[in-house]
Amino acid sequence: MITFKIDGKEIKTEEGRTILEAARENGIHIPTLCYHENLLPIGSCRLCIVEIEGYEKPMTSCTTAAVEGISVTTQSEKLFAMRREYLKFLLINHPLDCPICDSGGECRLQDLVFEHKIESVDLTAEREPKKAKPYATALIRYSEDRCVLCLRCVHACREISGRKVLELTGSGIEAAMAPKTPEDCISCGECLSVCPVGALTEQESPLKSRKWQTKRQTTTCPHCGFGCSLDLDVFEDRFVTKVVTRPEHLPNKGSLCVMGRFGYDFVNNEARLATPTVRQGSAASEATLAEAVEATATALAKLDREGRTIGFIVSPRATNEEAYMISQIAGRFSKTRFGTAGYYHTGRVLETLRRMGISYPYEYDAINGCDLVVVAGADLLGNNHLLANRVREVMKMKGAKVAVVDPSPTALTRACDVWVKVAPGSDALFFNGVASQLIADKKNDPEAGSLEGFPGSSGGGKGDAVRSGADEKSVDRFYALFAAASRVAVIFGTGISGRTESMEALLNLCLVKGVQKAGVVMPTAVQSNAVGVLSVLPDAVSSGEVLGEADGLFIYEDDPFHYLGGRKVEESLKDKAFVAVCDMFPTGASAHAHVVVPSGSFAQKDGSYVAEDGFMRKVGRAEGGSSPGFDFLRLLLDRLGGGLYRDEQEASTVLFGKEILVADDSGRASLKPTNGQARLASKAGAAGDKPSRPFTLVLRNVFFHHHLAGQGVYSKTVYLQNPAIAGDRLFISPEDAGALGIADGGQVIVESDHGALQHPATVKEGLGRGVLEYRMLKNRQDVLKLTDGYGKHIAVTVKKG
12 MITFKIDGKE IKTEEGRTIL EAARENGIHI PTLCYHENLL PIGSCRLCIV
62 EIEGYEKPMT SCTTAAVEGI SVTTQSEKLF AMRREYLKFL LINHPLDCPI
112 CDSGGECRLQ DLVFEHKIES VDLTAEREPK KAKPYATALI RYSEDRCVLC
162 LRCVHACREI SGRKVLELTG SGIEAAMAPK TPEDCISCGE CLSVCPVGAL
212 TEQESPLKSR KWQTKRQTTT CPHCGFGCSL DLDVFEDRFV TKVVTRPEHL
262 PNKGSLCVMG RFGYDFVNNE ARLATPTVRQ GSAASEATLA EAVEATATAL
312 AKLDREGRTI GFIVSPRATN EEAYMISQIA GRFSKTRFGT AGYYHTGRVL
362 ETLRRMGISY PYEYDAINGC DLVVVAGADL LGNNHLLANR VREVMKMKGA
412 KVAVVDPSPT ALTRACDVWV KVAPGSDALF FNGVASQLIA DKKNDPEAGS
462 LEGFPGSSGG GKGDAVRSGA DEKSVDRFYA LFAAASRVAV IFGTGISGRT
512 ESMEALLNLC LVKGVQKAGV VMPTAVQSNA VGVLSVLPDA VSSGEVLGEA
562 DGLFIYEDDP FHYLGGRKVE ESLKDKAFVA VCDMFPTGAS AHAHVVVPSG
612 SFAQKDGSYV AEDGFMRKVG RAEGGSSPGF DFLRLLLDRL GGGLYRDEQE
662 ASTVLFGKEI LVADDSGRAS LKPTNGQARL ASKAGAAGDK PSRPFTLVLR
712 NVFFHHHLAG QGVYSKTVYL QNPAIAGDRL FISPEDAGAL GIADGGQVIV
762 ESDHGALQHP ATVKEGLGRG VLEYRMLKNR QDVLKLTDGY GKHIAVTVKK
812 G
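One rule links them: number in my numbering = place in the sequence shown (from 1) + 11.
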């Protein structure tokens with residue numbers, strides 16, 4: 012700690028902190044415009060100047076380190092006059108369009124001009140007229156004449172997003188910010204979020220409103236499993252007009268991906284279900300909520316009296332409170348099954364972590380102390396953007412090495428230290444080979460030898476690793492980094508959990524290395540509350556299993572057509588004695604339902620999620636009224652004799668009483684930590700079945716959410732965000748395309764044991780021979796018909812179409 016003075020007040024701060032940081036820590040105001048908590052100091056606006064005793068000229072406090080014994084003055088007539096002049100320069104050609112500017116009322120420049128009592132500008136300078144220009148993304152409007160050249164956007168693009176899309180062009184009065192490489196823009200909106208004025212404004216919402224006309228509610232993003240916090244601006248208690256973030260929003264620190272920042276337009280989509288319907292025979296008619304409750308209760312009770320099984324398929328984006336209510340409804344019957352789409356990845360992960368005694372929950376910040384990050388089977392930029400930001404941060408700011416294990420190229424493979432390109436489904440061979448080599452070289456954790464199932468010196472070592480399809484050079488590089496690392500973070504996704512032997516082999520490697528003692532194991536989650544739903548419904552299995560076994564179905568905010576082969580789902584639904592669906596939009600499942608009831612959007616819910624790290628996130632109601640889905644659940648439970656819950660908070664109180672979630676001393680809630688004895692999986696080295704066809708088709712999800720692009724397109728953001736994934740795409744390697752005589756964009760026919768697909772193929776550099784990649788967005792059934800279940804890797808043949 013060092014001691015110095017600011018405005019005569021003695022200040023203590025850590026060595027290396029800037030004067031501005033120390034001042035803010037102690038509640039001392041220094042005006043700023045270009046400074047932002049999430050960025051490195053820029054020093055372009057000069058408004059944070061301070062006087063330091065012994066120095067002739069004022070210095071920018073954001074770039075000047077605090078030093079032992081100095082005396083700093085933040086407010087004086089000289090500093091006030093200089094700041095006024097700096098602001099006047101910014102105002103020379105700044106348009107006075109505050110009444111129509113989106114940032115009116117929450118503009119940093121407005122606040123500073125008011126603070127410095129500037130009523131007129133006595134400076135002039137001519138420049139070319141500036142107009143709104145096309146920006147790097149269609150989701151953001153750029154008004155160049157409002158830009159104050161603070162350079163926040165340029166730095167945010169580089170430091171947070173890892174891109175170099177924006178740059179400063181020109182000089183003097185003609186200087187301007189401009190997109191340099193718009194093709195590299197991923198529409199994350201970091202530039203928009205840090206803009207202090209109205210130069211960058213979002214174009215998503217068709218309805219605009221002022222800050223004082225809206226209610227601002229903090230909630231949790233409903234898309235992926237990271238658990239980002241954000242604010243929703245709601246106009247007239249029913250229209251979401253904007254997403255706002257602040258640096259204090261955790262764990263994302265105010266950052267969001269494209270869907271978190273712009274993917275909210277589905278909330279006000281006109282296609283939303285408005286009225287319940289009840290079908291008798293072949294005719295469906297509108298009904299009241301009470302009639303829908305009565306029809307559902309009567310049908311479910313009849314199934315129960317007949318001794319038949321009732322299946323409950325619950326969305327992994329339902330809140331914990333909704334899942335709890337469904338568990339109580341199910342408890343009124345004798346034979347029930349729970350299913351969820353979250354089981355296919357998160358359910359398998361949680362079961363394996365418990366069985367092997369791997370520590371969970373985990374802290375995102377644990378990655379900060381690691382010198383190696385391993386990312387296996389996870390396209391972080393595509394489906395877990397904020398975790399990708401964490402990896403990039405430790406790589407750029409802390410010098411950590413990054414290793415990627417994946418059969419397909421991802422955004423991270425371009426920047427990592429080593430990419431191990433294994434053959435699809437051969438991850439187990441690779442991880443097992445690395446583990447046995449560590450043991451052979453005596454580089455394993457000394458305590459690993461006492462673990463149940465420790466293999467001793469058996470195993471094929473690096474030879475097994477090479478047999479996974481990876482080239483020997485990348486295997487050697489990975490092994491050198493992994494063996495030498497003192498603290499390792501291991502992140503894995505659906506590409507690993509899809510095969511039990513792959514997941515067990517990776518976790519075995521973690522135990523052999525001692526990762527959970529000196530490092531962190533970080534499984535991702537595809538959906539926002541997969542962890543929570545599987546914790547509230549611990550007996551839940553896959554949706555497909557419940558579809559096949561149940562005689563009647565209650566489907567809550569889920570559509571099996573979105574992730575399972577449609578033919579099999581349709582056959583299952585047609586055989587059911589009764590189907591009830593509660594959802595926001597018409598779905599493939601609702602077309603087969605006897606009762607359909609509207610549910611609420613995440614903006615109408617008041618409850619909680621559990622993110623992929625195992626910690627609870629609050630879901631706050633932004634829109635007025637109650638959630639239609641929860642109202643249906645509580646009325647149905649009451650009709651079945653389970654009592655009437657008042658609201659979600661009453662359900663939440665009961666849920667905490669069951670100790671599914673526990674709070675620490677700070678009040679932060681999480682799942683109960685796993686405290687089991689660590690043990691190795693004994694059969695994790697199995698190579699898996701040999702593919703029955705010469706090609707392997709790898710399925711990649713793009714934002715696994717049928718509320719964005721399901722039966723209809725409910726979010727135009729999905730299509731505007733990035734031309735590279737605007738639609739379903741099939742990729743083929745250059746070598747395979749050449750051998751088959753397929754040009755880029757040419758038609759191919761892909762056949763499996765269960766169906767065939769004709770689709771244009773895009774040639775993709777870096778994709779291995781014999782590997783196809785299909786990115787699923789909207790037309791999922793085109794490719795899902797190639798599998799009879801939930802497939803990640805599908806054996807196929809390919810020919811020219």
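Worth flagging that the hints you see were computed from the coordinates, not collected in a lab.
Among the hints, erroneous ones may be present.
Unchecked claim - Under the rule of at most 20 Å between Cα atoms (straight-line distance), these lysine-lysine pairs were calculated in the PhoX-like manner: (1) Lys-141 - Lys-99; (2) Lys-432 - Lys-454; (3) Lys-484 - Lys-432; (4) Lys-68 - Lys-16; (5) Lys-579 - Lys-313; (6) Lys-629 - Lys-669; (7) Lys-473 - Lys-175; (8) Lys-99 - Lys-264; (9) Lys-453 - Lys-473; (10) Lys-629 - Lys-219; (11) Lys-789 - Lys-727.
| Can you give the numbers of the hints that this structure goes against, from lowest to highest? | Going through the list in order, the structure violates hints 2, 5, 7, 8, 10 and respects the others.
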